[in-house]
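Enquirer: Going down the list, the protein sequences come from chains Y and Z.
Position 198 (the first sequence) corresponds to 228 in this note's numbering; numbering is contiguous.
Position 60 (the second sequence) corresponds to 90 in this note's numbering; numbering is contiguous.
These are calculated hints, taken from the structure and not from any lab test.
Don't take each hint at face value.
Since copy identity is lost for identical chains, a pair holds within one copy or between any two.
Using 20 Å as the maximum straight-line C-alpha spacing, the simulated SDA-like pairs for lysine to any residue come out as follows [as the list claims (entries may be wrong)]:
no.: 1; residue 1: 316; residue 2: 213
no.: 2; residue 1: 105; residue 2: 331
no.: 3; residue 1: 36; residue 2: 241
no.: 4; residue 1: 68; residue 2: 79
no.: 5; residue 1: 36; residue 2: 318
no.: 6; residue 1: 36; residue 2: 217
no.: 7; residue 1: 316; residue 2: 350
no.: 8; residue 1: 174; residue 2: 341
no.: 9; residue 1: 105; residue 2: 354
no.: 10; residue 1: 36; residue 2: 350
no.: 11; residue 1: 185; residue 2: 302
no.: 12; residue 1: 36; residue 2: 351
no.: 13; residue 1: 185; residue 2: 303
no.: 14; residue 1: 239; residue 2: 303
no.: 15; residue 1: 171; residue 2: 127
no.: 16; residue 1: 36; residue 2: 220
no.: 17; residue 1: 289; residue 2: 318
no.: 18; residue 1: 105; residue 2: 269
no.: 19; residue 1: 161; residue 2: 286
no.: 20; residue 1: 36; residue 2: 208
no.: 21; residue 1: 239; residue 2: 48
no.: 22; residue 1: 171; residue 2: 221
no.: 23; residue 1: 185; residue 2: 243
no.: 24; residue 1: 239; residue 2: 169
no.: 25; residue 1: 68; residue 2: 211
no.: 26; residue 1: 267; residue 2: 233
no.: 27; residue 1: 267; residue 2: 122
no.: 28; residue 1: 105; residue 2: 275
no.: 29; residue 1: 36; residue 2: 215
Protein chains: 2
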Amino acid sequence: MPELRKDYITDTWVVFSTIRSKRPEEFKTSGRLTPAEKCPFCYGHEHMTPPEILAYRKDGPANSSGWWIRCVPNKYPALQVEGEVHRRVHQLFQSVNGVGAHEVIVETPDHDANLSDLSDFQVQEVLTAYKQRYIDLRRDKRFKYILIFKNHGEKAGASQTHPHSQLIATPIVPRRIMEEATAATRHYEATGGSCIWCDVVETEQEEEKRVVSENEMFIALSPYAARFPFETWILPKAHEMAFEDFTDDERTPLARILKDVLGRLHKILDDPPFNYYIHTAPTDRKESRYHWHFEITPRLTETAGFERGTDFYINPVMPEDAAGILRNKSTSGRS
Amino acid sequence: MPELRKDYITDTWVVFSTIRSKRPEEFKTSGRLTPAEKCPFCYGHEHMTPPEILAYRKDGPANSSGWWIRCVPNKYPALQVEGEVHRRVHQLFQSVNGVGAHEVIVETPDHDANLSDLSDFQVQEVLTAYKQRYIDLRRDKRFKYILIFKNHGEKAGASQTHPHSQLIATPIVPRRIMEEATAATRHYEATGGSCIWCDVVETEQEEEKRVVSENEMFIALSPYAARFPFETWILPKAHEMAFEDFTDDERTPLARILKDVLGRLHKILDDPPFNYYIHTAPTDRKESRYHWHFEITPRLTETAGFERGTDFYINPVMPEDAAGILRNKSTSGRS
């Protein structure tokens, strides 16, 4: 069973998951990318994954081909789905046993596809699958938070090239979410009832210079204090606490802006490695001041000792410049 | 002038330093390592750096060869040393202009040396130089915090192979330090006067299993919630708030344990990329509950979307196992 441990001093939590553990001399090996013949996410290889949790297919039995979206448990899960949550505190040692869910959402049967090149329909189906898994897992009272995220490219931590996202449900609310939620509540109280993300949307629309793209329901922007070059957030313009509340009306605009932003990054930065993740309210929905959003972070720079020692970031690109370049992709792009 | 900006929502600060900025298509270039012929930190190349701030040499003029430790301003500083600190808050936008110091401490004239292979004397001189720079910069009231750190290996962010450390002085106290200091004060109050790091040292000495090595004045341990495989901390056993207070008696034991830990990591992990940094009290010395220490973090795993989205870490190696391997380096080592 994996174990979560809290730092002696700060609220930093670490998941100890030795299932993928290596011998010391194996840490150097790299180049793990899988060709299509051996890819567990390709048609005909459904037996290479644990049995599916969810699949969108016209007909045919479970775990057969013919699906266009497929969700399976991660074969090497960071957390384990069986068991009760036990919290322990002894002297300076605080831990929770590693109960949680770790799933993979295969975004397309096409091994070589890129999310930004998929059809609007297919990206909508990806988002629908995300939503369906959120709603299902939220019922499980052991899970306090559900993070959906995507690692693209080996440098961004992807161990499979086939387009896929992941979901991890954790027995505690992550510190970044709690920090955001606490700050949002403080802002709400200080302003007599404003949502801080709604204020960000409104202010950035007025300022214009950090807006990357926009449609009737969503806005994409380079945040004022972007931690990484070309970091981009996507927010619903309407106040919406939780991702799984996105409406049928929002599905197409959301798919389009996500494709649009990823397409701009792909074109201008030549298919960069990136991570994105969805920040949403904790599962108990008590953090009603939360406003869900996507954060997309290309991996173009390395963090080093200064960042590790301080939690500061160093970014060599001003967000105004990044937004300008992304907005005008037709002139600055290379392909 | 660089600029520091705070995130709209959380206390995350970002240093925008465009001095090293690249065009979008240049982010992919790598392999920047410098051969000795072109190395600005080798004898005879003193003119390639800005004029030295400090050097240890028997005789000879400043900026000539013959030194054994040399400290110079970083040629591409993240922060700029001239100017007053201005703090600005406007709507959701909070910034501080990028006043600070950014220096390089060249640890030896030997281009190909490794810190753990240097003589005890030479490592003591490195530590003395660190201390001297701390004491000098602490007098400058604009600087609220001074971080000394080392990036070793390209994957750890080093752009020069020649052994060197860096120092960055910042106009605000970094969030990680404030978190630690706040937690330490809380612990002090809750326990009626205990230092949390003193308690860590005592408890880990009793538990034994996470201790890597120890001498009369210092202890090296794998922390209970190590964020990274083989992460190791070095702490003074006596309560000491600030690094620059280390005594003449502590100099040799400190040099020896630092060499010892780096040597174990080098041997067992085959010269891994790593970062270390010194955590110490802010320059105003008001955080008297602080207890300075080294944190050494090898870079063997990649953080990905889950870590970025949550501030959780995933570590595949239990600290008890890491400590066991590092303790018994003679049997597990490869060379």
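Enquirer: 20 Å Cα cut-off: does residue 105 pair with residue 269 within a copy, between copies, both or neither?
Expert: neither (37 Å within a copy, 46 Å between copies)
Enquirer: How would you classify residue 36 and residue 217 at a CA-CA limit of 20 Å: within, between, both, or neither?
Expert: For residue 36 and residue 217, the Cα distance is within 20 Å only across copies (15 Å; inside one copy 28 Å).
Enquirer: Since the copies are identical, ignore which copy is meant and state whether residue 36 and residue 208 lie within 20 Å (CA to CA) inside a copy, between copies, both or neither.
Expert: For residue 36 and residue 208, the Cα distance is within 20 Å both inside one copy (15 Å) and across copies (17 Å).
Enquirer: Could you figure out if residue 36 and residue 215 sit no more than 20 Å apart (CA to CA) within one copy, between two copies, both or neither?
Expert: For residue 36 and residue 215, only the inter-copy Cα distance (18 Å) is at most 20 Å; the intra-copy one is 25 Å.
Enquirer: For residue 105 vs residue 354, is the C-alpha pair at or below 20 Å within one copy, between two copies, both, or neither?
Expert: neither (41 Å within a copy, 29 Å between copies)
Enquirer: Evaluate residue 267 and residue 233 at a C-alpha cut-off of 20 Å and name the case that applies: within, between, both or neither.
Expert: within (12 Å within a copy, 51 Å between copies)
Enquirer: For residue 105 vs residue 275, is the C-alpha pair at or below 20 Å within one copy, between two copies, both, or neither?
Expert: Close neither inside one copy (29 Å) nor across copies (51 Å); limit 20 Å.
Enquirer: How would you label the pair residue 239, residue 169 (within, between, both, or neither) given a Cα cut-off of 20 Å?
Expert: So residue 239 and residue 169 fail the 20 Å test inside a copy (41 Å) and across (40 Å) alike.
Enquirer: Treating 20 Å as the Cα threshold, decide for residue 36 and residue 220: within, between, both or neither.
Expert: between (31 Å within a copy, 18 Å between copies)
Enquirer: One pair to classify: residue 161 and residue 286, alpha carbons no more than 20 Å apart. Within, between, both, or neither?
Expert: within (17 Å within a copy, 55 Å between copies)
Enquirer: Check residue 171 against residue 221 for me: Cα-Cα at most 20 Å, and say if that holds within a copy, between copies, both or neither.
Expert: For residue 171 and residue 221, the Cα distance exceeds 20 Å both inside one copy (33 Å) and across copies (34 Å).
Enquirer: Since the copies are identical, ignore which copy is meant and state whether residue 289 and residue 318 lie within 20 Å (CA to CA) inside a copy, between copies, both or neither.
Expert: neither (28 Å within a copy, 52 Å between copies)
In terms of the numbered hints stated before, the structure departs from hints 5, 7, 9, 14, 17, 18, 22, 23, 24, 25, 28, listed from lowest to highest.
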